[in-house]
Every structure is written in structure tokens, then in C-alpha cells.
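K.L.:
Start from chain A and add chains B and C with the ligands according to the hints.
Below are the chains, spelled out letter by letter.
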Amino acid sequence: MPYEKILTRNVGVPGSTSLKAYQAAGGYEGARKALAMKPDELVELVKKANLRGRGGAGFPAGVKWSFLPPNRDVTYLCVNADESEPPTFCNRVLMESDPHMLLEGILIAGYATRTTIAYIYMRGEFTEQFHIMQRAVDEAYAAGYFGRNVLGSGYDIECYIHRGAGAYVCGEETGLIESLEGKRGWPRIKPPFPAVEGLFRKPTVVNNVETLACLPHILTRGVDWWLALGPKGSHGTKMYCVSGPVKRPGCYEAPLGISTRELIYGPDFGGGMRDGMKVKACSPGGLSMGFLRGDLFPKNPSADKLDLAQDYDELDCKLDFDDTRRYGLLGLGTAAAVVVGEDTDIRDVLVNVARFYAHESCGQCTQCREGTGWMYKIAQRIRAGAGRRYDLDLLAEITTNMGMMPGLSICGLPDGAAWPIRTLVQRFRREFERHIDAQAPGAVEQAIRRVNPAAYELPIVQGRAVAPERGSMSYEHEWSNAAGT
Amino acid sequence: MPTITIDGKKVDCREGVPVLQAALEAGLEVPHYCYHPGLSIVASCRLCLMEMKMPNPQTKELEWAPRLFPSCQTPVRDGMEVRFESPAVQGNQQHVMEYYLVNHPLDCPVCDKAGECYLQDYSERFGHASSRMVEDKHKNPKKNIGSDTLLYQDRCVLCTRCVRFCDEIAGAGELRVVDRGNRCEIDVFPGVPLDNPLQGNVVDLCPVGALLDKGFLFRQRVWMLRHTPSVSPADSSGATIWIDHNDEGVHRCRPRFNERVNQWWISDEQRFAWRAYVRREHERLTLPRQRRGGETETVRWEDLPAILRFRFEQAARAPSGPQAPAPGSKVAAVLSPMMSCEEAWLLGRFIRSVAPQATLVLGHVPVVGQDRTFAKGFVIRAEKCPNRRGVERAMESLGGPNLALADFLKAAGEGKFAAAYVVGGYPESWVTPDMQKPLAKVEFLVVHDLFASPLSAAATIVIPGASWMEREGTFMNCDGLVQPFERAIVPLEGVKSDGQFFHELCGEPGLFRSRRTREKMAETMPEFASVFVPRQEPEYAH
Amino acid sequence: MSWQAVDRTRVPEEQLGPGLSEAVKEKIRAFFSRYPTKQAAVLPALHIAQDALGYVSLRAMKELAELLEIPPSKVMDVVTFYTHFWTHPKGRKTLLLCRSISCELLGAGKLKDAIRQRLGIGEHETTPDGEYSFMTEECLAACDHAPCLMVNEKMHKCVRPEDLERILADADNDRLDIPRSDLFDAP
Ligand SMILES: Cc1cc2nc3c(=O)[nH]c(=O)nc-3n(C[C@H](O)[C@H](O)[C@H](O)COP(=O)(O)O)c2cc1C
Ligand code: SF4
Ligand code: SF4
Ligand code: FES
Ligand code: FES
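Protein chains in written order, with the working numbering: chain A, 263 to 747; chain B, 22 to 563; chain C, 9 to 195.
Please keep in mind that the hints were generated in silico from the structure rather than gathered at the bench. As the structure is a computational prediction, the values presented were derived from the model and not from experiment. Hints are not guaranteed to be accurate.
[Stated by the list, open to error] Part of the chain A face toward chain C, derived, beta carbon under 10 Å: (1) S278; (2) T279; (3) V336; (4) F351; (5) R354; (6) I379; (7) I394; (8) M395; (9) C513; (10) V601.
[Said to hold, decoys possible] The calculated lysine-lysine pairs, modelled on DSBU-like cross-linking and capped at a C-alpha distance of 30 Å, are: (11) K300/A <-> K464/A; (12) K74/B <-> K160/B; (13) K162/C <-> K267/A; (14) K452/A <-> K30/B; (15) K118/C <-> K639/A; (16) K282/A <-> K300/A; (17) K46/C <-> K397/B; (18) K541/B <-> K517/B; (19) K158/B <-> K639/A; (20) K310/A <-> K295/A; (21) K162/C <-> K33/C; (22) K81/B <-> K309/A; (23) K445/A <-> K46/C; (24) K397/B <-> K452/A; (25) K445/A <-> K160/B; (26) K118/C <-> K464/A; (27) K46/C <-> K282/A; (28) K445/A <-> K163/B; (29) K639/A <-> K163/B; (30) K561/A <-> K494/A; (31) K162/C <-> K445/A; (32) K452/A <-> K74/B; (33) K46/C <-> K118/C; (34) K160/B <-> K452/A; (35) K397/B <-> K445/A; (36) K509/A <-> K165/C; (37) K33/C <-> K445/A; (38) K81/B <-> K310/A.
No residue lacks a Cβ here, since even glycine has one placed at the ideal position from N, Cα and C.
Here chain A stands alone, though its shape is the one from the complex (with noise of 0.2 Å):
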């Protein structure tokens, strides 16, 4: 075993989910560590050790919580287990073998954060997580971790589960907010920032299942061990997720920074690819981060030189917060791989990427709700045999004004939407072209009459696809891509 199971100890093992078991293991043991400290320190102890959001984002737990108010009487913690990003599932395996590991973990960041109610949002289709939660929770209060007084330290904290019911968006912090507070989940605008105005008008932290069970083993095991884990700005232990046709799909622990290839292949993650296959593409960081091209693709020649813009092999993309972002995408996000095999038509991808930010865009932001499903259509249209080759330049472009200039929408969901779509039209684009070029005469035509029989006297093909004099952000690369279309 090269890596040591931290997070994923219990996988697989079972009676695992008990206090019982978990007492027997030390649990707890950071917790009263905690509540030995003045909770104060205890933040600047998380912030030393600069254990970085495992939500997507990636931002420092220590320094989120330092942003709360001084004063203040009320304080809630929001632990996201709204785990919806496809194909991340790392909380979910966390939550079914290791229930406890998260409850301490929420009582150290409740007590270093002063706060009086932690919610768990759990999405709703977790149900057995959530029956194996909930049995965690009653066992921890009748253990006396939560409630009035824990561990006569004179702390108290009550800690509930919310169910969600059914929405991607909902995992955003402030879209997480608003729907415990009873209502649609639209994020907010921020600032105000949740640390500031969250839950119920009140300072608020949100943190990630994952983020939250790293810290019982930092108290424990000292932060000297922690940030000899994984590469500088990345440490720690990361649980990855790796789907679809490899031999052994699942979630694997390791310190950051390990390679796209070996979450593939490495005999201790995938396994490598069924029936022999070879990889087509690889989302390695869940859906929004970004498609990068497997290895269906030759290797660079030039092995230390990167080069986006040639059908290269990429995986060797490292699984950090910063060598994805190298490789042009959006950044780690959930470290959740899912490989596309080389029988697999690239269109079909598309289209399901497509539908899946259409159907959870929330439907707040121009922007989000018309492009998400506009891009949806046209990768429809496409797939059914329809496409130009003016709309991959279409698309390309609908993802940099929808998504790739911060600032544009309310969350992060565009930009979610636009990396993987982005990624997929740019570096499939040789595939995307022979498909189109292989459609029947005439199909594009036919397709858009359906639609708009006024279309008969437009010049469809070039004309009504009027390019704009102006963007968001230059895209001028894209363009002289699209020569000869």
C-alpha cells in the first residue's frame, strides 16, 4: 500500500459506523485536543496547516473562518454534503463508513468557530447515508458530544441534518443557505459574504464533509504531518473519485498531486480501462473542471513542453490546486475523474454535459439560464446530425461570455458549465468536424426549417450566424481555429 488510508480507513469495513468502533480507533481524541484549546488558536492552527477547501473551490478553511466577525452571539456551521457534482462521490463514502469521523470533525470547526447550530445539508437521494448519519448523531449526543456543555468544557452546540430535495445548485455556500432557510436555492450575491450574513442573517461557515474530517487527524497527528503530505500549497490526504469504464471505479485515497494517468491506471486506483480500452478523454476534476484528452491521443514529443492547442495525451495532468489550471482547466475542483473510453462518441458526451447545466441551472442569471440551455439545443442538434461547424465556434464563444470572466453571474455554475464544454469543443474538435462533415447533405437545413420555416429565405448556414464585433474577452485564437469553416 503506498499511500496511507487516512479519510478512507473504514471503507469497506465493517460495524465501522459505530461510535463504538470509532472510540476504539482514538476517535474523539482531536476533539477533546480542541476543546483543550482556546478556539481562537485553534484557527490559527488550521490556518498554519492551510487545509484547503475540499468543496471545489479550494479556499483555506483557517483563513474562511478568521473572516467572521469578532462579535458576535450566533454562529452557524453549514456542512455541505450536497455532494451533486457528477461523478464525485467521495463524500458519500465518507459519510457511509465514517460517519463520526465527519461529527468530530463538525464539533473542532464548531468550537473554533463559537458556533450554536451545525446543519449537515445532505442531499436528498442520500438515504442510507442518511439513516447511517442520523444514528451517528443520536449516538454522539447520548456520548455527550453535542448538546449543552460537550464534554463539561462548557461549550455548547446543537447539530441537526437537513435533507435536501433535488438540486445541484444547492451545494453552492449561499444557494446552501437560502434553501435551509426554507426557500428556492438561488445563491445570493455576495458580498455580503456568509461569514459575515449567512443562515438566517447571521455569520456563517460553510465547509465541505471532507474538509471537516481532515481536522480531527490534524489535531491528532500535528500539523507538521500534514503539511508533509502532498506538494506545497496542495497538502494534505484528498479522497479522488475515479467512474466509468476502468476496472476498479471508486474512491481512492492519496496526497494531492498525483497524476491523471495513475488515478487511471494505477493498480491501487483504476486498475486501468476495461476490455483494453484506451482513454478517450478524462474529466479529472468532476464535470466542471475541464475534459483534457486521454490517451487515444499520441504523447507529446517535447515532454516538458505543454501544448494545448495539438492533439496530445494530457494525462499526465497533476491533481492539484495548481497544475490542473496549467492544463487549462478550471482547477481541482472535486478531484472526481471520469474517463470516456475510446468507444464512445464524443457528441454524446457533449450532450449529456449539456444537459445536466441546463437542468440545474437555477435559473437566476441571464446568462446561466439561456446559455446553459441554448448550449443544450445546439449539442442536441448536433448530435442528431444536424451540426455546423459554425456552431462549435458557437459554443466556444457562448462559454466565454457566459462564464470565463469573473464576475459575470452570481455562482460558479457557468463557469462550471463552460470549462467542461469549452474543453470538450476545443480539444475534440478534430472528431466534432468529422462527424459533421460525414452528415447527410442538406440535414442542417432541414433541421432549422423544422424550427423556423421563415428559415427558407434566410441564408442560414453563414448568414444568420452574424459573428459579434465585441466579446467579454478576446477569443481571437478560437477564430483563426475555426479557418476554413
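P.N.:
Okay, now just chains B and C with the ligands, sitting in the frame of chain A:
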């Protein structure tokens, strides 16, 4: 007062307003849908985005931050520098406008809002010439959501102004967004229609033609309308409004911003007050008439002043009865709270000029229920007339004997009055048997009213009045605020506007001009030296 | 006809559907103490209502609104936002199939066709005997078991079209093999 730089120009702005508001007040055109100064800020339309200078985290130098900020949600700070004229901002505007058309039916030719629609305006000003959307559009239904309002869902741009209005201002929360993503719709709970007393505002608030007034539906193209500033006569709050009208008459009323009274809103009563006048138009009195024995005959307007002067002087001179306290008290004038301040003052002056001891009476003040205050301070007044205070003020300044209406009626019933000039002007029937009987005892009864009534039937002289839309003047609201209203439409054929008639009655030459009359009034009543005109607000996409 | 409007101002009594029993309301009230506002209890309340009635009827929404002291429109808003809630009756068991990327790559599409063919129903439809309803949903966070199919609370893992018959034949195909918390009733 903070000063900020917008597109290189220094702009002084009010404390605490968003940059968007400051820019609009400075006369800039910044597209926006979801922002409305009277509602909470959601920053969801993403049209108003701007660039802002921020300190570079590395060099600490101020430079354009590589992102966009919603100007509606960024409060002004002294010295801040923003810009709208940049490729990124304008590119965003262009794209967002394109997105708005992705599922919009483009049915402007049959849309009531066409001409004052901000989707049209912004598309032309900030958008693309053509749409690149060739896919199937969502087709959303039209919904009947209330007794006065229709929702054409497919035209909606989901700015949620209507939803926030119902929540925050009206407090009834009937409207909601349902579903999510681009399947979002605005809806009411089935069977719980939009019927709060302020609901009409959602139609004005809607930047596009999604929410429509059933009464206005398909009636006029808005570019055929002229807009006249007015004050609503529906209650005593003095809500300022626009009357939209053309040669065919009045078509609708809309709120006119007023920081002291109604803000951006009006109640439905105020909005639809004009309809009562129009609905009963066939009952309107149209020519002055005089009773001769059992018959009535029309009188020429020119002859009326002389007749009235003669008859009132005669009544005033007649020997007073045994109990009557002083000469002249056999004459009275009942001033209606529907009259303008000027009219009340002129008529009072006329009566006092012919009968110096004439009694002045404040007419019937309609009151319905109690004042109703809404969440953010909008008030619907129980007093359903615009100018009780103004009339009282005029009576006070004229001095001399006054009587309350009830006392006057009692005295009239006892035969103590030989002549009375009674003004009505109410949109609804107001004459009760309790009034009718005592007034029958008045020998020379002049009734100046809008509609035929038992009282006008019994009067010696009937003078047709003009509605408030056909007059000009000022109303003093329940808080003493004097606000002018202008004439929107010409009086009905045969009718002379009340102000003009009283002007002539007082022997004044030329045309009645309320401003000139007010100058005279100001000699004894300084509050009429100036009137309150609300601040000119920039257009908020509605 | 395009100019005709859907009437939202009235709703026939029979369309309101079933209401909530006092026991259900009591269960909902037990959640009030968890939150500083009553409105915050709307999600648990809707779960409980749907578990009791099979779906969230208009009458239930109205009664919930009364219970939570909010306008009924706010309940409707929440119900329609979340995909878990049904606004029309559903069957005793709901087949919930993941349609996101990992599941689709491993054959969720074929499984969907198999379900539709076997049960003769499309999405959001119910078999005539009222036993099964069918819907698809985005990633269920069980991609390691793709393609996955939930029957009410029970997750069936790595389901191939040929497994369908076996799953449907099992009367306990929705029974969890771990102890349930009684905070929420089984659907
Ligand atoms: C559209 C969207 C969906 C998100 N979904 C999740 C989620 O399912 N789970 C999660 O932990 N964080 C999610 N996030 C990230 C959260 O907003 C937030 O950054 C995170 O919960 C913070 O926790 P951390 O600091 O512990 O990472 C999502 C963000 C966006 C923009
Ligand atoms: S960006 Fe999209 S998902 Fe996020 S708040 Fe706006 S509309 Fe909703
Ligand atoms: S109906 Fe009008 S006001 Fe309401 S959300 Fe739609 S566009 Fe905005
Ligand atoms: S986002 Fe600023 S006006 Fe809509
Ligand atoms: S993709 Fe099906 S469970 Fe994640």
C-alpha cells in the same frame, strides 16, 4: 457627498446609493432590469455590469480589476473609478441581450408594451442586429393571474421585480417564480390570484410586456399616448400620477415618482379612479340648466354669472328670519373636498362678495374603513377625496361663518337658508335622502356636479362640472402638501371647467390659470406661494 | 389557441387532492425547534408530506403554508424548484435512474430503454397498477456503482438491463438493509 468617476467623468452622487443609481441620475444610459430603487437588490439580470479600479494585490496599484461588478449592487464610495464604456462591459451587454432573445417570442406587433418596452429599447441600443439562435424556443402559456392582470409568460425576462414587489411592498406575496433554470416561470398559487390593493404596480414594474393590465389590453399603442402629470383624487394621500391619454380620452394612469408621498407606487384605487368617470360618462351633466316652474331650460354659460350674482345678492338682502343671527346668513356654499384649492377659494370669494356673511360648509367627506399602511410605508387613506385639507384651508383664510355639513343640513331643514351653492364632483353617487330632504327647503339651490342626481333634479340651477382630468389646480394632501395637477383632456362637450367658471364668476378677466390664482391666494395663505413638485427620477426600465 | 390564457385564479375542488393528517402535521411540527424560523422547516415538511401522500398535492401545499405561516405560493415555489417532489400522484415505488455521465457511459441509456419497455411508462409516469413510477435524475453520487438505480430509498448498484427483471421481481426491492431512523417515514 461622494464623488466618483464614471467613464472618466466626475460625478457627484448621493450618499449610499448604488453606482447604477448614480450613473442613471447623472444621465447615463445603463441597461438594467432587476434593479429598482424601491425593491431589494438581487443583481440577477447581469446587464448592469461595470468595470472598477481596484488595487492590484501584488503591486497595490489601482488598476482595472480583471472582472465585472454589478453596478446595482456596488454602493458608491468617494473616489471610486468605474467604467461602462469598455469592450468587456459592452460585450457583456450585447451577449446578455442576445440571451434574452433566446426564448423570447418576438411578438412585438401584438404586444401592449411595444414602444415602451425595455427589451426593445435595449436590444436596439445594446444588442445584436440578429439572433444566432436557430433552435426551438420554449413556448410558455399566457396566464390569467388576477382580476386585472394577465401574464404573458413567454415574454418574461425573469427580473423578479413583480415577485419582490408583491413580497416587499404589498406584503401579500402572491407572485412566485416556479421551476428552475430556463424552465422558470412566474405564477400564482392556483386559486390564490393576484389581488392585493397595489397589484397594478407590477404591470408598470415589468420591463417587458409580460404583465399586462386587462383593462388596457389591445386598446392603444403607447406611442399614441400623451402623458400629463396629475394627482390622484382617489384618496387624500396625494399620490402623484401620470395620466396617459390621447384624443380618444384617457387610457390609463401610472404612478409618478414622489419621494414625499407614494414613492414609485400607486394603489389600484388610484390607478383605476379614472374609470369611474368614464364608465358613467353617459350620466354626466353637460349643459347648465335652469328651472322655471316645472320645466327646466338650458342657460348659456355667459349668462350664469349674472343670474347667480343677482339671485344670491337678493337672497342675502332678504329680511332674515326671527332666529337668524345676522344678515347674509341665509346664503351658504357647500365646498366639496373634490374641488381644487383654487376652486374652493374662488367660489368662497364669490359667495362672500355677494353675501359677506354667507356660510361656508365643507361638503361630504367620503371615508371608507381605516387607513391601511403597507410593509414599506405605502398608505392607502380611508378618506376617499383629495382635498379636504385644501378646502378647509381656503375656508379658514376666508374667515366668516362656517358650519359643519350636518349642522348645515339641520339648519337648512329648518328653513334657515334661502340660497345655497352646492358643489359635488364625486365619482360615485353621494346624495343621500338625509341631504336631499333638508336641501329641498332651500329656495334657490345651485348644484354644481358631474352626474345627474336627485339633488340636481331638484335644483333651481344645475351647473355641469368637469372631472379632475379635465381641470387644473392643486390638491393639499392629508399631510398639508400642496401639489399641482394639470389638465389632461378637454372637458366634455358643453362643460366648462370649474376653475374657469369660478374665475369668471369672480369677475376676473381672461383665462383661468391656477398658478396666477395661487399667487393671489399666497397673499393670505403663504403655503400656496410654492407647490411641491417631486424630484425628477431617472427612468428605471419601466 | 395562442391568445387564450390558462386560468390560474380558480381551481376546482377535486384538483386540490388529498390533505395532511393530524399525525403528519405533528411530525412536521417536531422540526420547528430546529430552526429559528418556521419557513426553514419547509423542506423536511415537504419530505414528510410526500412520504405520506405519495406526492405534494395542492391541498397539502396550502395546509403546509398555514402550518409554516407563509403564503401558499412560497410552498409551491419550493416544491417546483426541487426535482424530488412530485406534484401529481406517483406509484408506490419510484424507480430513480441516474442519467449523468458515468452512468450513461456504462449503459444507463440502455437500462432506461429497458425500464420503459418493461413497465410501459415514460418519465414521470406511473404504471396502471400504481406500483411503479419512473424518473431520471442527475448524478446520484454513486458513480462507482454506475449505472445505478434507486427504488425508493434503496440503491441498486451496477444495474444491467438483464438485472431489471430480478429487481422488479423482488418485493423488498425498496427495503434498506440497515436500521432506518424514524425521523422520516419510508416513502
Ligand atoms: C454550482 C456549485 C455547486 C457546488 N456544489 C458543491 C457540492 O456539492 N459540495 C460541496 O462541498 N461544495 C460545492 N460547491 C462549493 C461551495 O460553494 C463551497 O465552496 C464549499 O462548500 C466550501 O467548502 P470548503 O471550503 O470546505 O471547500 C459548489 C459550488 C458551486 C458554484
Ligand atoms: S450563475 Fe446560474 S446557477 Fe448560479 S445563481 Fe446564476 S443562474 Fe443560478
Ligand atoms: S413578469 Fe415582468 S416583472 Fe415579473 S419577472 Fe417577468 S419580466 Fe420581470
Ligand atoms: S444585475 Fe444589476 S440591474 Fe440586474
Ligand atoms: S453519474 Fe450516475 S451516480 Fe454519478
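K.L.:
Each hint: holds or not?
P.N.:
Status of each hint after checking the structure:
1. Residue-level restraint check for S278/A is violated (minimum Cβ-Cβ distance to chain C is 13 Å; threshold 10 Å).
2. Taking 10 Å as the C-beta contact cut-off toward chain C, the hint placing T279/A at the interface holds, the least distance being around 9 Å.
3. Hint on V336/A holds. Least Cβ distance to chain C is approximately 8 Å, under the 10 Å limit.
4. Using the Cβ-Cβ criterion of 10 Å, the hint placing F351/A at the interface with chain C is satisfied: the shortest such distance is roughly 4 Å.
5. Look at R354/A: its Cβ gets to within about 5 Å of chain C, closer than 10 Å, so that hint holds up.
6. At a threshold of 10 Å, the smallest CB-CB gap from I379/A to chain C is about 8 Å, leaving the interface hint in force.
7. Interface restraint check: I394/A against chain C, minimum CB-CB distance 7 Å, threshold 10 Å, status holds.
8. The criterion of a C-beta within 10 Å of any C-beta in chain C is met by M395/A, whose closest approach is roughly 9 Å, and the hint holds.
9. Interface hint status for C513/A: upheld, as the beta-carbon distance to the closest one in chain C is roughly 6 Å, under 10 Å.
10. Of the supplied interface hints, the one on V601/A holds, with its beta-carbon coming within about 8 Å of a beta-carbon of chain C, less than 10 Å.
11. Annotation: proposed proximity of K300/A to K464/A holds, straight-line Cα distance about 22 Å (limit 30 Å).
12. For the given pair, K74/B sits about 42 Å from K160/B by alpha-carbon distance, which is inconsistent with the 30 Å threshold.
13. Taking the CA atoms of K162/C and K267/A, the gap is about 28 Å. The hint holds against a cut of 30 Å.
14. A distance of roughly 28 Å separates the Cα atoms of K452/A and K30/B; the hinted pair therefore holds under the 30 Å criterion.
15. Between K118/C and K639/A the alpha-carbon distance is near 22 Å, which keeps this suggested pair within the 30 Å criterion.
16. The suggested pairing of K282/A with K300/A holds, with an alpha-carbon distance near 28 Å, which does not exceed 30 Å.
17. For the proposed pair K46/C and K397/B, the alpha carbon gap of about 23 Å is at most 30 Å, so the pair holds.
18. Between K541/B and K517/B the CA atoms are separated by roughly 22 Å; this keeps the pair inside 30 Å, and the hint holds.
19. Straight-line distance between C-alpha atoms of K158/B and K639/A comes to about 10 Å, which keeps the hinted pair within the 30 Å bound.
20. At most 30 Å may separate the alpha-carbon atoms for a hinted pair to count; K310/A and K295/A meet this at roughly 17 Å.
21. As the CA atoms of K162/C and K33/C are separated by approximately 26 Å, the hinted pair is consistent with the 30 Å bound.
22. Proposed proximity of K81/B and K309/A is supported: the alpha carbons are some 24 Å apart, at most 30 Å.
23. This hinted pair checks out: K445/A and K46/C have alpha carbons roughly 11 Å apart, not beyond 30 Å.
24. Of the pairs offered as hints, the one joining K397/B and K452/A holds, with about 24 Å between alpha carbons and a cut-off of 30 Å not exceeded.
25. At roughly 27 Å between alpha-carbon atoms, K445/A and K160/B fall within 30 Å of each other, so this suggested pair holds.
26. For the given pair, K118/C sits about 48 Å from K464/A by alpha-carbon distance, which is inconsistent with the 30 Å threshold.
27. Of the supplied pair hints, the one linking K46/C and K282/A is violated, its CA atoms being roughly 36 Å apart against a limit of 30 Å.
28. Only pairs whose Cα atoms come within 30 Å are accepted, and K445/A paired with K163/B is accepted, the gap being roughly 26 Å.
29. A threshold of 30 Å between alpha carbons decides the hint, and for K639/A with K163/B the separation of about 24 Å falls inside it, so the pair holds.
30. Our distance criterion of 30 Å between C-alpha atoms is met by K561/A and K494/A, whose separation comes to about 27 Å.
31. Pair hint K162/C plus K445/A holds up; C-alpha atoms about 28 Å apart against a cutoff of 30 Å.
32. Of the pairs offered as hints, the one joining K452/A and K74/B holds, with about 18 Å between alpha carbons and a cut-off of 30 Å not exceeded.
33. A threshold of 30 Å between alpha carbons decides the hint, and for K46/C with K118/C the separation of about 44 Å lies outside it, so the pair is violated.
34. For the suggested pair K160/B and K452/A, the alpha carbons sit about 33 Å apart, so the restraint of at most 30 Å is broken.
35. Restraint check for K397/B and K445/A: satisfied, since their Cα atoms lie roughly 22 Å apart, inside the 30 Å limit.
36. For the suggested pair K509/A and K165/C, the alpha carbons sit about 15 Å apart, so the restraint of at most 30 Å is met.
37. For the hint pairing K33/C with K445/A, the CA-to-CA distance comes to about 20 Å; that is within 30 Å, so the pair holds.
38. The hinted pair formed by K81/B and K310/A meets the criterion: a straight-line CA distance of about 25 Å does not exceed 30 Å.
In the structure shown, a violation is registered for the earlier hints numbered 1, 12, 26, 27, 33 and 34, in ascending order.
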